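Asker: Assemble the complex: chain A is given as a structure, and chain B must be docked to it using the hints.
The chain contents come next:
2 protein chains.
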Amino acid sequence: MSYDIIIIGSGPAGYVAAIRAGQTGLKTLIIDKKYVGGMCLNWGCIPTKSILESAKLFNRIKNSAAEFGIGGYNPAELSFDWNQAVKRSKGIVQKLSRGIEYLWKKNGVEFLQAEAKIVSPHEVEADNRIYTTKNIIIATGSRPVKQSLFPEAIELEDFFKLDRLPEKPILYGRGAIILEFAQLFSMLGKSPTIISNGSPLIPKLDAHLEAYVVRKLKKDKIAVISDADISIDKKGVHHGDSLLEYDAVINCSLREAVLIDSNVKIELLDGYIKTDEHYQTSIQGIFAAGDVNGHSYLAHAASAQGLSIINFINGIDDSTAVAYPINIYSDPEIAQLGVTETELKESGIEYQVKEMPLIANGKALAEGASEGFIRLLFESKYRQVLGVQIVAANATDLISEAGILLELEGTVYDLARTVHAHPTIAEVFMDVAKDIE
Amino acid sequence: MSYDIIIIGSGPAGYVAAIRAGQTGLKTLIIDKKYVGGMCLNWGCIPTKSILESAKLFNRIKNSAAEFGIGGYNPAELSFDWNQAVKRSKGIVQKLSRGIEYLWKKNGVEFLQAEAKIVSPHEVEADNRIYTTKNIIIATGSRPVKQSLFPEAIELEDFFKLDRLPEKPILYGRGAIILEFAQLFSMLGKSPTIISNGSPLIPKLDAHLEAYVVRKLKKDKIAVISDADISIDKKGVHHGDSLLEYDAVINCSLREAVLIDSNVKIELLDGYIKTDEHYQTSIQGIFAAGDVNGHSYLAHAASAQGLSIINFINGIDDSTAVAYPINIYSDPEIAQLGVTETELKESGIEYQVKEMPLIANGKALAEGASEGFIRLLFESKYRQVLGVQIVAANATDLISEAGILLELEGTVYDLARTVHAHPTIAEVFMDVAKDIE
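Chains A and B, in that order, give the protein sequences. Counting from 1, position 188 in the first sequence corresponds to residue 188 in our numbering; the numbering is continuous, with no gaps. Counting from 1, position 411 in the second sequence corresponds to residue 411 in our numbering; the numbering is continuous, with no gaps.
Next comes chain A alone, as it looks inside the complex (with noise of 0.2 Å):
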């Protein structure tokens, strides 16, 4: 069987690459080891999203229904059934995964479940046969980094398959699943435990962000200790002079590349797959794309560059500066998009910045959720606004219109006029942009 693409790994970088390549009409043959949707979908983005609605809408129950005038339940007899959560979230992740294969077939894309190989730049085997190809897309993903000092950790990959919550987990590693899981477990009543490896907590955020992150743990009473002050024995995880209790560990680490067995040998950079502008590798007709390139771990960033990869493929060069919005899906919410502060004073671009807290905002005290703040930063001249940063109940939706502003170029004074309907949490947009005007 020949091929014009094979695609290795069926994660956001590949099951978009693979739908786009049936679409443009490239005979396409995707090969994944487990799931249709990768890491993503089966255990990263949509089960963890599933589960914090769940623990979201169990803290409001519990915390402030009655306030809204809900009554007839006894918030302290309130329960969450882990089990029932998962599985509604396994529901959501079927129904994802069956829309991703029902697409595959529609646009002629064959699906392999099967550990594959690469034995020559236009050869993958798999399921012990040979198929011929003209191009590779590696898109094998990545997973967090064993870590020695706590072997026994729970993986991500199987935390989802816990009959039970542990009542006292160490979070151990960083980024922002690590913001995620602590609050998962405190609104859930779980009493968690940050042990950071490393500094800042979640790295690429703006220290604005940060600053924000690490005072809200504190605030929330979520331990947050970092790994150079404890010390393992026999006895359990010392901290100080104290031991600390917990029941598990889960393995958040920041995350290294999944690497393919192949004949060919590939250029890696810093253990991840080197690939130039149109991400390919160091062997022509080898594409990498997604977390295993170590551009960035964003799913959506991962099905930017599969889309890019099988525009080039079709003689389509669309190699531009694109910008990645980090969302984090704490409680509030957390969004950044373009440059942060750091990035601006390095560039010598001169710049301002202004942030409006979402306080006085009609639709965030209706809603109950007025934690939080919009930021921009904008080059002084034209007021170009160069990046955005939100801490919002919705901000992982309200940084959507920063993308189409900052992919248009739009300046201050373009947010400052766009009327926005009253009242919405995205007025907060308007107010700040016409405070700088």
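Don't read these hints as lab results, they were simulated from the structure. Do not rely on the hints blindly, as some may be mistaken.
If chains are identical, the list can't say which one is meant, so a pair holds when it fits in one copy or spans any two.
With a straight-line Cα cutoff of 20 Å, these simulated DMTMM-like cross-link-like pairs (lysine to aspartate or glutamate) come out [as the list claims (entries may be wrong)]: (1) K434 / E101; (2) K27 / E110; (3) K62 / D81; (4) K62 / E77; (5) K161 / E67; (6) K235 / E210; (7) K95 / D431; (8) K95 / E67; (9) K234 / D4; (10) K105 / D435; (11) K90 / E67; (12) K87 / E67; (13) K434 / D318.
Note that the coordinates shown come from a computational prediction; the quantities given were computed from them, not determined experimentally.
Answerer: Chain B alone, transformed into the frame defined by chain A:
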């Protein structure tokens, strides 16, 4: 006492104009016969949205929380404390009205609670005094037209003063508010009946959205009757052969201008104060902003007009065509921006329409809110987006992305190449655009 500007009415047109006037150094007096913030703040947008949030939460706990894994309560025993919900909304109103007063004070704006009368183009009488001024803004708003069919109907202004909610209310009239109120009652387990006094049910909405609303009401088993099909006698309200049971009527009629006592004859148009492109009335120096000029019933349109007048007085001409989003806080929410399909047909512009449902969107599924769609209307040649329509749980905030897109005259291509974060509901914008490309 002599002023640069006297503003009569402190709703979204008036209070925003007052703040800007003060900021730009104009000596400003704002007069309201009732409360700071007008209808929107005191018995319109803000209390309605607060109470709707309560009802949505009640409905979600009653019907969906168990699915999310939440237990320890009996859905059948849940109760709704109307007075507590109203108390909460009053707290929000108070916070916002204090915020307005603070901003007035900070910017040197004087406030007077009194009935105002225009004595001459440069004189306003209030509280038995004459205030002289260079300019006047009439921002007295609107109110639902009194209905002779149901003279006992409760006015919206009095709705939030009710001790308890009616069980079987008739909602008489039409427009967005009738949908919001019908769902409010329905979500709280009451049995509302809509009696419409005209067609379409929600004026200015695209026919596609109107059709959705009609379907949605039917699905939710909310009766919609035309007032042409009823008769009223001593026994009650008859619909065909059956006698309609009801315990209250709420006046949800379309609105009429609240005019002001004036010795100066100000020209009207269809019952509204006639204004030119600068919102100036037939009398130089007297302006009219907000509902009273008949251009729009939207709070954000009122505020935009108020600002525009202050800019004009300060010698800045910003009278460009602006798109006002229409937001309905139904369940799910409905939002519309730009042209409707009917308008496109009439204009003769060659256009295309593309719609994508939320049902395959990961975040919508995770939130348990996958009812709805995003619909783009764009001209065929350059694919500039001319209209956006959204039905989604958070449509009223999502539409802000479309705001920027239309303001910057963006195309389907711009939308498609803007990386939207995953998983977000806003991704559907990108997906529908990619589907077109």
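Asker: For each hint, tell me whether it holds in the structure or not.
Answerer: Now the hints, each set against the structure:
no., hint, verdict
1, K434 / E101, "between (47 Å within a copy, 19 Å between copies)"
2, K27 / E110, "within (8 Å within a copy, 73 Å between copies)"
3, K62 / D81, "both (14 Å within a copy, 16 Å between copies)"
4, K62 / E77, "both (9 Å within a copy, 16 Å between copies)"
5, K161 / E67, "between (35 Å within a copy, 18 Å between copies)"
6, K235 / E210, "neither (34 Å within a copy, 68 Å between copies)"
7, K95 / D431, "between (40 Å within a copy, 18 Å between copies)"
8, K95 / E67, "between (36 Å within a copy, 16 Å between copies)"
9, K234 / D4, "neither (57 Å within a copy, 80 Å between copies)"
10, K105 / D435, "between (52 Å within a copy, 17 Å between copies)"
11, K90 / E67, "between (32 Å within a copy, 12 Å between copies)"
12, K87 / E67, "between (30 Å within a copy, 9 Å between copies)"
13, K434 / D318, "between (35 Å within a copy, 14 Å between copies)"
The earlier numbered hints that this structure contradicts are 6 and 9.
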